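Between the sequences and the hints, there should be enough to build the whole structure, so can you do that?
Now for the letters of each chain:
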Amino acid sequence: MATPLAATPAESGAAESAAARTALGTAEQLALFRTMVEIRRVEEGLVRAHQNGLVHGACHTYVGQEAIAAGVCAHLRPSDVVFSTHRGHGHALAKGVAAQEIAAELFGRETGCSHGRGGSMHLFKPEVGMMGTSGIVGPCILLAAGAGYSFRLQRTDNVAVAFFGDGASNNGAFHEGINMASVWDLPVLFVCENNQYATEVPYHTVSRNPDVAAKAAAYGLPSVIVDGNDILAVHAAAGEAVRRARGGGGPTLLECKTYRTRAHSEGMRDAGYRTAEEVNAWKERCPIKRFRSHLLEAASASSAELDQVEREVDALVANALAFAKDSPWPDPAMVTQHVYRSEGRAGGSVG
Amino acid sequence: MGEMTFVAAAREDLDEEMARDPSVFVMGQGIGARGGNFNTTMGLFEKYGPERLRDVPIAERGFVGMCTGAAATGTRPVVDFMFVDFILDAMGELINQTAKLQYMSSGRLTMPIVLRGCYGIGRASATHHSGAYYPIFVHLPGFRVAVPTTPADAKGLLKTAIRLEDPVLFLEHKSLLNTKGSVPEGEHLVPFGEAWVARRGTHLTAVAIGSMVPRTLEVAGRLAAEEVSVEVIDPRTLAPLDIDTILESVHRTGRLLIVDETYAPCGIGAEIAAQVVDRSFDDLDAPIRRLNGLHTPIPYSPPLEAAVVPTTEAIAQAIRDLLAE
Chain A
2 MATPLAATPA
12 ESGAAESAAA
22 RTALGTAEQL
32 ALFRTMVEIR
42 RVEEGLVRAH
52 QNGLVHGACH
62 TYVGQEAIAA
72 GVCAHLRPSD
82 VVFSTHRGHG
92 HALAKGVAAQ
102 EIAAELFGRE
112 TGCSHGRGGS
122 MHLFKPEVGM
132 MGTSGIVGPC
142 ILLAAGAGYS
152 FRLQRTDNVA
162 VAFFGDGASN
172 NGAFHEGINM
182 ASVWDLPVLF
192 VCENNQYATE
202 VPYHTVSRNP
212 DVAAKAAAYG
222 LPSVIVDGND
232 ILAVHAAAGE
242 AVRRARGGGG
252 PTLLECKTYR
262 TRAHSEGMRD
272 AGYRTAEEVN
282 AWKERCPIKR
292 FRSHLLEAAS
302 ASSAELDQVE
312 REVDALVANA
322 LAFAKDSPWP
332 DPAMVTQHVY
342 RSEGRAGGSV
352 G
Chain X
4 MGEMTFVAAA
14 REDLDEEMAR
24 DPSVFVMGQG
34 IGARGGNFNT
44 TMGLFEKYGP
54 ERLRDVPIAE
64 RGFVGMCTGA
74 AATGTRPVVD
84 FMFVDFILDA
94 MGELINQTAK
104 LQYMSSGRLT
114 MPIVLRGCYG
124 IGRASATHHS
134 GAYYPIFVHL
144 PGFRVAVPTT
154 PADAKGLLKT
164 AIRLEDPVLF
174 LEHKSLLNTK
184 GSVPEGEHLV
194 PFGEAWVARR
204 GTHLTAVAIG
214 SMVPRTLEVA
224 GRLAAEEVSV
234 EVIDPRTLAP
244 LDIDTILESV
254 HRTGRLLIVD
264 ETYAPCGIGA
274 EIAAQVVDRS
284 FDDLDAPIRR
294 LNGLHTPIPY
304 SPPLEAAVVP
314 TTEAIAQAIR
324 DLLAE
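As given, the protein sequences belong to chains A and X, one line each in that order.
For the first sequence, the numbering used here gives the first residue as 2, with consecutive numbering after it.
For the second sequence, the numbering used here gives the first residue as 4, with consecutive numbering after it.
Mixed in with the good hints there might be a few duds.
[What the hints assert, rightly or not] Beta-carbon label-pair distances, calculated as ranges: (1) X:Asp24 - A:Glu279: 37 to 45 Å; (2) X:His298 - A:Thr337: 52 to 60 Å; (3) A:Gly268 - X:Asp18: 52 to 60 Å; (4) X:Val280 - A:Arg156: 50 to 58 Å; (5) X:Arg203 - A:Arg156: 33 to 41 Å; (6) A:Arg156 - X:Val200: 42 to 50 Å; (7) X:Asp92 - A:Lys290: 39 to 47 Å; (8) X:Gly77 - A:Asn320: 29 to 37 Å; (9) A:Ala24 - X:His131: 53 to 61 Å.
Simulated from the structure, these hints should not be mistaken for lab results.
Keep in mind it's a predicted model, so treat the numbers as computed, not measured.
Note that the Cβ used here is the ideal one computed from N, Cα and C, for glycine as well.
Right under this line is the structure:
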């Protein structure tokens with residue numbers, strides 16, 4: 002079965018054209034590079050840990066999609082909020098959750114960002130605006146719209162971001178959420194990471210229209226399609242959308258065409274729904290590799306500088322994994338803590 | 004103390020809380036300028052405007068998910084479902100998000116959201132507008148459940164509900180909305196987890212819920228003429244449940260009847276009975292009896308509808324039977 006590869010607009014020279022538009026200084030570009038490398042290296046570390054039995058349950062990696070989290074979150078403040086998906090390690094890292102807290106959470110330890118109650122699919126760090134990854138496809142769209150409603154009532158200029166995949170775009174939550182955000186001009190950025198498969202179901206088999214962004218027209222909000230493997234293109238489009246939201250101009254639907262190059266979840270059979278050729282073609286479009294080439298060609302950074310960034314990230318990730326492994330398990334005696342906030346007869350079999 | 008209806012008392016409280024706290028807002032269908040299908044927000048739109056009395060599209064899942072996101076980010080939504088049956092379209096959001104975000108965030112997010120709706124059998128509203136559903140919410144960790152039966156409790160429990168940091172299902176029985184009673188003015192807070200002993204008695208304890216409270220009180224009043232002394236307990240909140248007040252009463256009476264219009268299997272009565280047996284088996288002089296709504300969708304035709312819920316005759320008979328044990 003041939004799956005249309007494509008979906009990457011202006012593929013040849015996309016990085017160059019975005020680079021021509023970018024007004025980013027070297028430090029900012031290096032920061033984007035560092036974020037992407039950190040996401041990649043953390044994921045690779047978690048994959049090994051999963052294979053060694055240190056990560057329990059499911060582990061959905063963000064490998065191949067790093068440019069999107071990095072490019073969007075670069076525009077966010079700690080008081081802005083992100084609601085994410087089952088494939089959310091990258092969003093948490095880019096939003097400022099420390100690698101060691103994410104690793105410890107996946108290891109099931111007390112020092113994890115959700116104190117061991119969440120795991121890969123429930124990463125929470127409200128202190129930096131990371132409002133949770135999720136095991137259910139769709140709700141993040143509604144939660145982000147609701148956060149936008151709060152920000153409006155509170156008269157702040159904070160922005161809410163929902164990251165979700167193409168799979169969510171056929172779910173009612175998408176349609177209900179962007180409709181309400183649009184009609185009430187809420188300060189929300191809806192980021193669809195169209196990696197072309199909802200779990201293992203190809204998008205073109207469940208949507209007549211190949212572009213998620215086209216659905217925005219039905220609800221009267223602006224939308225943009227970008228090459229999700231081009232960090233500068235994502236960064237530029239997200240910047241405009243965040244500015245619009247912060248300035249009271251309402252929500253935007255940003256569709257980033259991309260691809261996950263690992264299996265849906267670690268340990269799952271990754272065959273029968275896509276070809277090795279397709280996967281390999283997308284590996285060639287690796288957003289990190291592309292950005293590295295661009296930085297070198299544009300003489301924005303030297304090879305030694307980029308190597309140095311990678312070495313620093315490697316050390317950070319090694320420390321994070323060691324921290325996770327050495328961290329204590331949560332205390333089972335505290336397992337019902339936080340079911341309720343308010344005082345009262347919270348325990349027991351009823352209430 | 005003023006005399007007012009149940010719905011007016013709850014509305015007075017909502018008005019007070021919206022005036023006190025600008026983060027309180029309401030979402031629902033027709034709750035804006037129209038004032039709510041059941042008059043739950045009548046007159047408030049003029050005072051607080053469209054942002055805080057937000058009419059929404061018919062998308063329960065959508066606006067419940069939104070209000071959950073709002074509650075997690077510092078505001079205090081009151082979702083007005085009109086008929087509580089409509090909450091079913093939002094169950095995935097409620098169970099997986101609303102009820103779990105506090106826990107999954109290890110208490111760093113709070114969830115101050117009130118889910119209010121009118122419920123219950125008795126107005127030929129047919130099966131999609133007559134349900135109750137509260138046992139489902141009692142079963143799930145994360146929710147509080149309030150079922151007030153008097154105007155004073157409608158006001159006092161709603162005030163507590165709005166101020167709690169936890170999700171609260173706040174249910175208003177359609178047959179009680181226009182009943183009148185005296186209501187304290189201003190700061191009237193009824194705590195959750197404290198039952199109201201609606202009538203003192205010595206021969207038998209009847210725990211009644213929602214619309215079954217006035218019905219059971221009517222029966223108890225009638226039976227007093229026959230020298231039968233029934234204690235009637237209204238739990239007021241089902242999560243948390245004030246089991247201690249029930250146990251104390253059963254300790255004195257030795258007999259327990261539970262009257263509830265919702266279904267028997269895995270229901271509130273089953274839970275109360277199990278807890279009483281667990282903790283006070285030796286206090287019981289007779290088996291525990293339950294009266295429930297029949298295990299069927301609610302029919303439309305008035306005589307069919309009336310046949311579904313426990314009648315005063317059935318309650319009286321159950322009491323006599325229990326006393327004969």
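Outcome of the hint check:
For the pair X:Asp24 and A:Glu279, the supplied restraint of 37 to 45 Å is violated, since their beta-carbon distance comes to about 55 Å. Range check, X:His298 to A:Thr337: Cβ separation about 32 Å, and the 52 to 60 Å hint is violated. Separated by about 56 Å at the C-beta atoms, A:Gly268 and X:Asp18 satisfy the suggested range of 52 to 60 Å. X:Val280 and A:Arg156 have their C-beta atoms about 55 Å apart, which keeps the hinted 50 to 58 Å range intact.
For the hinted restraint 33 to 41 Å between X:Arg203 and A:Arg156, the CB-CB distance of approximately 52 Å leaves it violated. In this structure the supplied range 42 to 50 Å holds for A:Arg156 paired with X:Val200, their Cβ-Cβ distance being about 47 Å. Between X:Asp92 and A:Lys290 the beta carbon distance is about 46 Å. The supplied range of 39 to 47 Å therefore holds. Taking 29 to 37 Å as the suggested C-beta distance range, the pair X:Gly77 and A:Asn320 conforms, at roughly 34 Å.
Between A:Ala24 and X:His131 the CB atoms are about 57 Å apart, so this pair conforms to the stated range of 53 to 61 Å.
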